Amino acid sequence: MLAYILRRIMIMIPTLLGVTVIVFLMLHATPGDPAELLLGERATTESLEQLREHLGLNKPLHVQYGLFLSRLLKGDLGETIWTRQKVWTEVKQRFPATIELSLVALFISCFAGMILGIISATKQYSLFDYASMIGALAGVSMPIFWLGLVFMLIFSLNLGWLPLSGRLSISVDLEVITNFYILDAILTGNWPAFKDAVWHIIMPAVTLSTIPTAIVARMTRSAMLDVLRQDYIKTAKAKGLSQLKVIFKHALRNAMIPVVTTIGLQFGVLLGGAILTETIFAWPGVGKWMYDAVMQRDYMVIQGGTLFIAGLFVVINLLVDLLYAVINPRISIQ
Amino acid sequence: MGNPKNPYDRHPFFEQIGQLWRNKTAIIGLVIITIFFLVAIFAPLLSPHDPVETSLYDQLKPPVWHETGTWKNILGTDELGRDTLSRIIYGARVSLTVAVVSVGIAFTLGTLLGCISGYYKGFWDSLIMRIMDMILAFPYLLLAIVVVAYLGPSLENAMMAIGITYVPRFARIVRGSVLEECEKDYVMAARAVGARDWRIIFIGILPNCLGPLIVQTTLSMASAILDAAALSFLGLGAQPPTPEWGGMIARSRALILRASWVMTFPGIAILMAVLGFNLLGDGLRDALDPRLRD
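Going down the list, the protein sequences come from chains A and B. Residue numbering for the first sequence is -11 to 322, as defined by the numbering used here. Residue numbering for the second sequence is 20 to 313, as defined by the numbering used here.
Bear in mind the hints are in silico, worked out from the structure with no lab data behind them. None of these values were measured; they are calculated from a predicted model. Heads up, a few of these hints could be off.
Claimed, not checked - Computed beta-carbon distance windows for the label pairs:
| # | chain 1 | residue 1 | chain 2 | residue 2 | range |
| --- | --- | --- | --- | --- | --- |
| 1 | B | L131 | A | L55 | 26 to 36 Å |
| 2 | B | G37 | A | M283 | 51 to 61 Å |
| 3 | B | T116 | A | K233 | 20 to 30 Å |
| 4 | A | Q73 | B | E175 | 31 to 41 Å |
| 5 | A | L49 | B | G37 | 54 to 64 Å |
| 6 | B | G171 | A | L145 | 40 to 50 Å |
| 7 | B | R215 | A | R(-5) | 38 to 48 Å |
| 8 | A | L55 | B | T116 | 35 to 45 Å |
| 9 | A | R(-5) | B | L131 | 56 to 66 Å |
| 10 | B | E175 | A | W179 | 34 to 44 Å |
| 11 | B | K140 | A | W149 | 38 to 48 Å |
| 12 | A | L141 | B | S74 | 18 to 28 Å |
| 13 | B | E175 | A | D219 | 53 to 63 Å |
Claimed, not checked - If you want the ones that stay clear, here's a sample from chain A, every Cβ over 10 Å from chain B, calculated:
| # | residue |
| --- | --- |
| 14 | I(-7) |
| 15 | L4 |
| 16 | T294 |
Glycine is no exception: its CB is placed at the ideal position from the N, C-alpha and C atoms.
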């Protein structure tokens, strides 16, 4: 197992390096002077010269990449153009919001997707099965930025049940410790803030979870159907075990293996979808921040944000692979 | 493509076409896609108005079934008085073009790289597959957003960005199939009689990998339409006044309370077009490639 973990980490390193190469080259593939691109139009000749010196723009490309990488390893992602803040500081401030949103969305999609899939599989070809599979197909085909706006229109503007946007109402005070608002509210025992934060996260999280829920539901259904056809399930039923026991104790455990892989793959969908969802719901996370940067042509932020999200994605994929090996020991032996 | 092993076998292609006809999902998908293609081709004949013509007196007209709606603008108008129905009809052209062009780029590049990888193996295989891994290290949509952010927002750049991000899907499928086929006797026989590499690859091997490729192409078209609409929604794809569904939704955000119809119909158009390709892709997968069934 340890050898497997080490091997997986070794495989991750070239991928991470590849990400830095792509991000590095993208700036240089863009027409125009990289220094001017990074500092914006208002930059003075002096500051441009300073940045060229700092980035080593007069040196050969591979030397520049070396400098880029060494700055990266020191945690130096540069400064933003507009706010003159360290990019890394801003990332640290914003990413709890994104993680909080993604985790809640992931929880919703696991829960709803697996339940839909299990019921569909046990009642194959029933009305429920058809309805939920048509729903799942519509979910996979859903433009979530549109769905988010439709939710806003219905649940917030027309019915007034849920807040329109943001993470917390202005009137609510919350002592921020971890920047995960729901967690902070629990830690400080601040129940009004807890309720407010949960109310705010429902719409964006449900929107973000649409596609993963549909994918998990489809995967769970087909994995369950595969397992339910096998002999040992017949044996379990013949022994006189109850339907619930057969499904949850015998079938689900084996059906989980492909489902866990699918759930792991959904992180990419969530992190990418976060850019759309956060933009619609004014959710102050990394996604909205990146969108604003793209609009303002703040290439330092785009560069830093991309490195951060892609790096996070690679690490999450590694964790999912390791988790997969724990669930299915055959993997690590091969 | 060499002699079949058993002369009594019917070519599997006919078997698969038969299965496809019996598959209801595939047929529904095919019908939806055909409608969208027909709408796109005959857009000038079908649309009641010019999609970019503004009209000062027809701003924010509701659809015909509202009390104040008229038959002149069946699905209402936007804030500049442009006819929503006409813009949706012309939008089909944009979305289908994006789907065909970006998936075309991914298909061509991916198939070529996959063939080189699977056939020559060794150094080229490792190099190409590592590059594919790098592209896959970016979560969905992020790479496309970043590429367009650097190249500048336009429909062409959006198509290219989506195309690039889809290359690994095709490269991986083709590589896998080519690796598998290379082990078979007919490839060895072709090599023995001195056939050139490109002939073995394109005439011998590739036709045998078509099933999964067709499935991937159809499903990729669905996601290409979705991604292009998302890019346009973020202001990175088609630029105004191009009638594009994602862009239409973006501009209608400010009108969400006053005129919800401006936002509703383009979203339904996206959903239906994507659903059509997904239905066909699912059906094709069942018919052509039982291994991939989920």
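Outcome of the hint check:
1. Checked against the hint of 26 to 36 Å, the C-beta distance between L131 of chain B and L55 of chain A comes to roughly 35 Å, which is consistent with it.
2. Between G37 of chain B and M283 of chain A the beta carbons are some 52 Å apart, a value that agrees with the proposed interval 51 to 61 Å.
3. For the hinted restraint 20 to 30 Å between T116 of chain B and K233 of chain A, the CB-CB distance of approximately 55 Å leaves it violated.
4. Between Q73 of chain A and E175 of chain B the C-beta distance comes to about 34 Å, which sits within the given range of 31 to 41 Å.
5. Checked against the hint of 54 to 64 Å, the pair L49 of chain A and G37 of chain B passes, with Cβ atoms roughly 57 Å apart.
6. Roughly 35 Å separates the CB atoms of G171 of chain B and L145 of chain A, a value that falls outside the hinted 40 to 50 Å.
7. Separation of R215 of chain B from R(-5) of chain A is about 39 Å and conforms to the stated range, judged on CB atoms against 38 to 48 Å.
8. The beta-carbon spacing between L55 of chain A and T116 of chain B, approximately 42 Å, falls within the hinted interval of 35 to 45 Å.
9. A beta carbon spacing of about 31 Å between R(-5) of chain A and L131 of chain B contradicts the range 56 to 66 Å that was offered as a hint.
10. The beta-carbon spacing between E175 of chain B and W179 of chain A, approximately 53 Å, falls outside the hinted interval of 34 to 44 Å.
11. For the hinted restraint 38 to 48 Å between K140 of chain B and W149 of chain A, the CB-CB distance of approximately 59 Å leaves it violated.
12. Between L141 of chain A and S74 of chain B the CB atoms are about 25 Å apart, so this pair conforms to the stated range of 18 to 28 Å.
13. For E175 of chain B and D219 of chain A, the hinted distance range of 53 to 63 Å is satisfied, since their beta carbons lie about 57 Å from each other.
14. For I(-7) of chain A, the requirement that its beta carbon stay farther than 10 Å from each beta carbon of chain B is met, with the minimum near 19 Å.
15. Residue placement check: L4 of chain A does not keep its beta carbon more than 10 Å from all beta carbons of chain B (closest about 8 Å).
16. Not every CB of chain B is more than 10 Å from the CB of T294 of chain A (nearest about 5 Å), against its label as outside the interface.
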